[in-house]
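Chains as they are written, first to last, in my numbering: chain A, 1368 to 1609; chain B, 1406 to 1697; chain C, 117 to 459.
Keep in mind that the hints were calculated from the coordinates and are not lab data.
In this text, all values refer to a predicted model and were calculated from it rather than measured experimentally.
Be careful, since some hints might not be right.
[Stated by the list, open to error] Cβ-Cβ distance ranges computed for the label pairs, FRET-style:
no. : chain 1 : residue 1 : chain 2 : residue 2 : range
1   : B       : GLY1479   : C       : LEU405    : 30 to 36 Å
2   : A       : ASP1376   : C       : PRO453    : 45 to 51 Å
3   : C       : LYS451    : A       : PRO1476   : 27 to 33 Å
4   : B       : PHE1565   : A       : THR1375   : 41 to 47 Å
5   : A       : THR1375   : C       : VAL404    : 30 to 36 Å
6   : C       : PRO453    : B       : LEU1657   : 55 to 61 Å
7   : B       : GLY1479   : C       : LEU159    : 48 to 54 Å
8   : C       : ALA293    : B       : GLY1479   : 51 to 57 Å
9   : B       : THR1534   : C       : LEU417    : 37 to 43 Å
10  : B       : VAL1668   : C       : VAL404    : 36 to 42 Å
11  : C       : TYR170    : A       : PRO1385   : 45 to 51 Å
12  : C       : PRO453    : B       : GLY1479   : 40 to 46 Å
13  : B       : ARG1460   : C       : ALA293    : 44 to 50 Å
[Said to hold, decoys possible] Subject to a maximum C-alpha distance of 27 Å in a straight line, what follows is the list of computed BS3-like cross-link-like pairs (lysine-lysine):
no. : chain 1 : residue 1 : chain 2 : residue 2
14  : A       : LYS1549   : A       : LYS1523
15  : B       : LYS1486   : A       : LYS1437
16  : A       : LYS1478   : B       : LYS1567
17  : A       : LYS1523   : A       : LYS1432
18  : C       : LYS451    : C       : LYS329
19  : A       : LYS1570   : A       : LYS1549
Just so it is clear, CB atoms sit at the ideal spot from N, CA and C, and this is done for glycine as well.
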Amino acid sequence: MSGLLEVTDLVAGYGNGPAILNGARLSVRPGEVHCVIGPNGAGKSTLLKAIVGMLPIRAGDVRFKGESLKGLRPDQALRRGICLVPQERALFPAMTVRENLRMGGYSIPDKAELERRIDGIEERFPILRERRGQRAGTLSGGQQQTLAMARTMILKPEIVMFDEPSLGLAPKVVAEVFGIMKLMAAEGITIVLVEQNALMGLKHADRGIVLDLGKTLLEAPADEVLRDPRIGELYLGGRSEA
Amino acid sequence: MADIVQTAILGLALGGVYALMGAGLSLVFGVMRIVNLAHPSLIMAGAYIAYWAFRLAGVDPLLILPVAAAILAGTGVLLYKLVFEREARSAKYSEMTVLLTFALAMVMEGLLGTVFTNTQRVTSPDYATDAFFIADVFIPKGQLYAGMVSLGIISALALFLKHSRFGYPIRATTQNREAAELLGVNVNLVSLASFAIGVGLAGAAGALVSFVFSFFPSKHWEWIVILMSLVVLGGMGSIFGTVLAAFILSVLAAFVGFYVGAVWSTLTFFVALFVVLLVRPQGLFGEKPELA
Amino acid sequence: MAEFGASEVVAARRARDSGLAGTVDKTRSAWFPLTLLAALLLLPALQFAGNYNYLIHLTLFTAMYVVMASGWNILGGFTGYISLGHIVFFAIGGYFAGMVFARMGISTIVLAPFAGLLAGLVGYMIGLITLRVRGPSFIISSLALVMIARILFENWHFVGGAAGVALPANDLPAEWAKLPYYYAFVAMAAFATWASYRIKHSKFGLGLRAISKDEIKAESAGIDTRFHKVLAFAISAFFVGMAGAVWGEYLTYIRPNIFLVVLMSVNMVLMCILGGKGTIAGPALGTVLIVAFNEIFVATLGASEINVLATGIIMMVSLMFYPLGIVGTLARRGKLPRILNWD
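So here's chain A without its partners, still in its complex pose:
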């Protein structure tokens, strides 16, 4: 089988430290929502960083549409259509909302096209139009996450990867975040999501991927993962009922 993005036997780590990922696999299917779960230190964030080239790949391969991404920088991966939203939102706090959106389209050379796309985003997320002149650092947590997610849509990417988007947000806001994610999926954007809250992440996903000790233990439809008794015991605190 060959998905949109294929990660095979990936080995990666920071600097000259030990390998965090040790044979991780991931098969991403177009148009679906994928949720990667696993305990702290399993290598979930590392996996996303290695895919976009923030960390060097020591062994194994990452193929996007059959083409290897090995050795590419994040800006080069981005131009191919893979976008990562890191933990803790990733805004430019001293820039305005509008400037943040403009940075989202940094790799689009055509200024007029960029403005058109930003207008389109503002239409869809009125709150961003309302706050366009406000400094991003002064937005509420939910608004910041909305901005960070909306910003990725400017590039019309094929795959968007989120690293713990619900981190530090109130439950009501978390629901909003997953709502936006649904919206993106409905537009045909493929989503890869890393979630500490495995139960919630899997509920919103089509596919579930279990990562532990740097290895992929299981890749299956999300509801199957939720029902798997081993997963219940290891990661869901013994509550396997979903």
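Dock chains B and C against chain A, hints included.
Only chains B and C this time, still in chain A's reference frame:
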């Protein structure tokens, strides 16, 4: 009254020079999170370029300023490629780079000391010893010119960062390096450029310093603590903050020098650094205590 | 899809965790440092055979730096707080002992422990303030400390200002004149090395090392990080102050431009980095190399500017290519010779 005005004017004039000395340091920290302890030793190199150009060919330090800036900017590119590029992914990056720049400062001091000896120097164009008089108050021409040129350069830098095509990614990288990288900014190139600009600013500052202060290679240790106090008070990475802090502390130091005693004037900067680090580590304009 | 069982995963995790913890090398050797110490104690006997004053001086000088570097290592190596300003404690120890010696004639060797305690006390108080910040901020504050101390000492008339104070030389014949100081420094070096070993392997030392790895985690694990850090600062200041105490009488003067030199402060740091900070043998090994290197440089090229240049270059190279130092790098590669494993 005249004393107070006079002291304030002398403080402000020096503040202008300190502002440019600190601006490059602040820029480099903002973009790369490098506390460049070698910055003052690079200013020193700029000062020697101006000194020898004046002494050997009679060229005015203000004319040689762009040349000194260009030479140092080139040095910056070289240093970045040889030393800092490979450290970018180091786990203990910030600590590592402080020690590295500290070592680099010693290398610069050793080089300058070996080539130019530790003799005290000062460039002496006519205006360096001249002054304008307004009633009882005098304004030293050298410091006034240096301060004005310095503010001119800083304004140009601010405009460049705010409006130019290249300013955008620099500002973005300053505020959130990871996000900028993920949005397609080639942060390595941005770092290289900012480091070159920062070190180039050191060269420009050196040309001004050459006729405002007397200097010798090992004097850079004193400058580093002075400049760090400005950058820390201003909020690491905020160029505007650095400029404001330069004026505040220089005026304060001028008053301490006048009313308490000249030797205690420099101590003002050192004590200020301590107090700011401990009371408000994020400085006046820092978003958060980046350094702590 | 790979088959796996829940219990296997739990077992694998446990195996990884114990693998991380179990890297302690069991091949340490105590005989080598002890033999070295015995040889050093016997070294002055050479004076019966000829004039070995230069060798005695160099060994004494090395021993002094071993005291300082080992002391620095407790804060910089174990705890991970890089101080570029420890020379301040050298000056405090030197000035205290020197002044008491000048006024009351009590030997600085007797005064050394008290000078160390004073330096430790000042270190404790400074630490209470500066250890509230981490990383670059702490490094910069330590550098500022040297500048402040320099201005204070240069303008403090009681201790002679910039000119300092001259101290009387002892009245032993030239070939034996250095010996009291020689034995004092060798004894201090042995004590500093032994104390580092004991501290590193104590519960307190474990706390320090936890702080160096991850201070926030250490704190959440219930370690009183503030107390640990400040005490480590005080202990490291104690050793540096003790070394400073005897140095003044040996030189026969105390003066700011001898006792408050950035280069000396850097030397302590560099010796630890080159040898391997956080290890026991590292500071000693680094000291021997740097002193030998300085000596060769100054003897062949003379100029102190070149010495500054060379020191900077060595520091850059070791930071860039061997950030773990000689002992650390060899240990990481599993090639550390037994005689250098004092941990």
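Hint check results:
{"no.": "1", "hint": "GLY1479/B with LEU405/C: 30 to 36 Å", "verdict": "holds, 34 Å"}
{"no.": "2", "hint": "ASP1376/A with PRO453/C: 45 to 51 Å", "verdict": "violated, 38 Å"}
{"no.": "3", "hint": "LYS451/C with PRO1476/A: 27 to 33 Å", "verdict": "violated, 53 Å"}
{"no.": "4", "hint": "PHE1565/B with THR1375/A: 41 to 47 Å", "verdict": "holds, 46 Å"}
{"no.": "5", "hint": "THR1375/A with VAL404/C: 30 to 36 Å", "verdict": "violated, 51 Å"}
{"no.": "6", "hint": "PRO453/C with LEU1657/B: 55 to 61 Å", "verdict": "holds, 56 Å"}
{"no.": "7", "hint": "GLY1479/B with LEU159/C: 48 to 54 Å", "verdict": "holds, 52 Å"}
{"no.": "8", "hint": "ALA293/C with GLY1479/B: 51 to 57 Å", "verdict": "holds, 54 Å"}
{"no.": "9", "hint": "THR1534/B with LEU417/C: 37 to 43 Å", "verdict": "holds, 38 Å"}
{"no.": "10", "hint": "VAL1668/B with VAL404/C: 36 to 42 Å", "verdict": "holds, 40 Å"}
{"no.": "11", "hint": "TYR170/C with PRO1385/A: 45 to 51 Å", "verdict": "holds, 48 Å"}
{"no.": "12", "hint": "PRO453/C with GLY1479/B: 40 to 46 Å", "verdict": "holds, 45 Å"}
{"no.": "13", "hint": "ARG1460/B with ALA293/C: 44 to 50 Å", "verdict": "holds, 49 Å"}
{"no.": "14", "hint": "LYS1549/A with LYS1523/A", "verdict": "holds, 15 Å"}
{"no.": "15", "hint": "LYS1486/B with LYS1437/A", "verdict": "holds, 23 Å"}
{"no.": "16", "hint": "LYS1478/A with LYS1567/B", "verdict": "holds, 17 Å"}
{"no.": "17", "hint": "LYS1523/A with LYS1432/A", "verdict": "holds, 17 Å"}
{"no.": "18", "hint": "LYS451/C with LYS329/C", "verdict": "holds, 24 Å"}
{"no.": "19", "hint": "LYS1570/A with LYS1549/A", "verdict": "holds, 12 Å"}
Comparing the model with each earlier hint shows violations of hints 2, 3, 5; every other hint is respected.
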